[in-house]
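In the order they appear, the protein sequences are chains C and X.
For the first sequence, our numbering begins at 1 and goes up steadily by one.
For the second sequence, our numbering begins at 1 and goes up steadily by one.
Derived by calculation from the structure, the hints in this document are not laboratory data.
It should be emphasised that the depicted structure is a prediction, and the values quoted were computed from it without experimental measurement.
Check the hints yourself; a few may be wrong.
Computed from the model, here is a short list of chain C residues facing chain X with C-beta under 8 angstroms [claimed, not checked]:
# : residue
1 : Lys8
2 : Ala10
3 : Leu24
4 : Gly27
Here a beta-carbon is modelled for each residue, glycine too, at the ideal position from N, C-alpha and C.
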Amino acid sequence: MRLGKAYKQAALAAAHKVRAKLLLEAGDPTGAKHEELAYLRHLENIRSAERQRVAPFLDAVIKTKLDRTPHDGDKTV
Amino acid sequence: MVAMFESEIFLSEILGRKVYFKTERVGTLEDFVIIETGKLPEITHLVVSRPFGYPSLLLPWDKISQVSNTEIIADIGQLADYEKAAPENAILLKAHILDKKILDMDDHEVEVVYDVKLALQNGKLYASEVDFSRNRLLRRFGLNRLAHFFAEHSKHEETVSWMYVQPLPDKIGMFSGHVKLNVLKENIHDIHPVDLADILEELEGDQRLAVFNQLEPELASSTLEEVEPRVQRELISAINRDRAVQLINEMSPAQAADLLSILPGAEVDELLKLIDGESAAKVQQLVERHDENILLYATQDIIKLPPATLASQVVDNYRQIARDKEVIMYVYVVDENDTLLGVVDERELIMADETQMLAEIMTDSIISLGPQDTLQNAVRLFERYGFRAIPVEDEAERILGAVSFRSIRGIRPRLR
């Protein structure tokens, strides 16, 4: 399998992960659950051999998306 | 003030009429001299030919007192005062305009001026319309009934006001019998190279070269790629060496090699020494060895970006990102080892939302070429998929470059 497919699946997974977090914060646990399932589906599409390789990318994308999206994590005490 | 029985008349109908000085016949109307007035050109003189070796007369229009449908009467003093030829830079309607070709900017075909309509206004005679209809040609040959039939059944307007006609600039041929007229005073630089190529192919030697030399280098280079080999050869051999080199440097190595391959060997050697060093080696290899390995046609001036790049940032900074790149219609998504992960086209970039990254929107099922592939392989892929560029990658999926369709388009027929 091309490495590109792994990256794409990781990027799509990251997008779902971020939406799951935002929906949970918005008080929509059902929507969040669907997004979490989608996140997992995309992760499963990545071959195990490449999962390790794209893990840092996945984390970086999630962080970048969260940084660009206003959410409860922005609140300071 | 002239008395003219018809307020409008065609040039072909009035040429050949007898010219009289009072009751004495002095000659036959041979031609008209016109000057551009900014709107319609005005007839300033009549050229009257005389028999038995007498020198022709150049009669000012304001000396003409009457124009009937059979004769022209002039009111002049001594004939000898008018025994002169038209000035060298004069524009003559019959010699320079009639039966000459027009560049039709509207549909980019080359038409022939079959006649010119003359109109009388306030005592002055103007060339008002250019007629390139077959009907006029038929009438000139006396086939009036046939002309009438075609006129009734023709849907197309085949005359155009001289307001839209512009002789080519003075420095082109100076009306030495090779005038070409631009219909619709449009800048020649607005014509697509493919259409310009058609026009150049229709023109003859000097005129072709004169029009070609008017073109800016980039347009001239693109046009040169499109003309047929015979015309390419002629133009490259006719233009000065510096300009030839300038044009070749604007081309991709493939196009340059294609052009040089039709020239004599000595000329090729000379040009190869002068073109840019970077592409010269590639061009030389293409020309000398007829090498069709795809790497010779690929460019490394492509956009490569990491997968975590935001699509919106690419869009916002596209101008800087794409500057100096040869392939800009695709973004190639690569990792830190230049492994090709995916391809994004400009539509996908524009349609992406604020938070989407290249990795999310890229196409990861990539159609690519390998380093051992040939031009033939590339042509097949272009024909099948209609891409504008195809990446070249090695066995480890590292991107080596990309081949653009434009860089190989013109040379395709030679492969068949």
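These are the hints, each one checked on the structure:
Hint status for C:Lys8: holds, given a least beta-carbon distance of 5 angstroms to chain X, under 8 angstroms. Interface restraint check for C:Ala10: the shortest CB-CB distance to chain X comes to about 7 angstroms, inside 8 angstroms, so the restraint holds. A least Cβ separation of about 17 angstroms between C:Leu24 and chain X goes past the 8 angstroms threshold, and the interface hint is therefore violated. About 21 angstroms separates the beta-carbon of C:Gly27 from the nearest beta-carbon of chain X, more than 8 angstroms, and the hint is not met.
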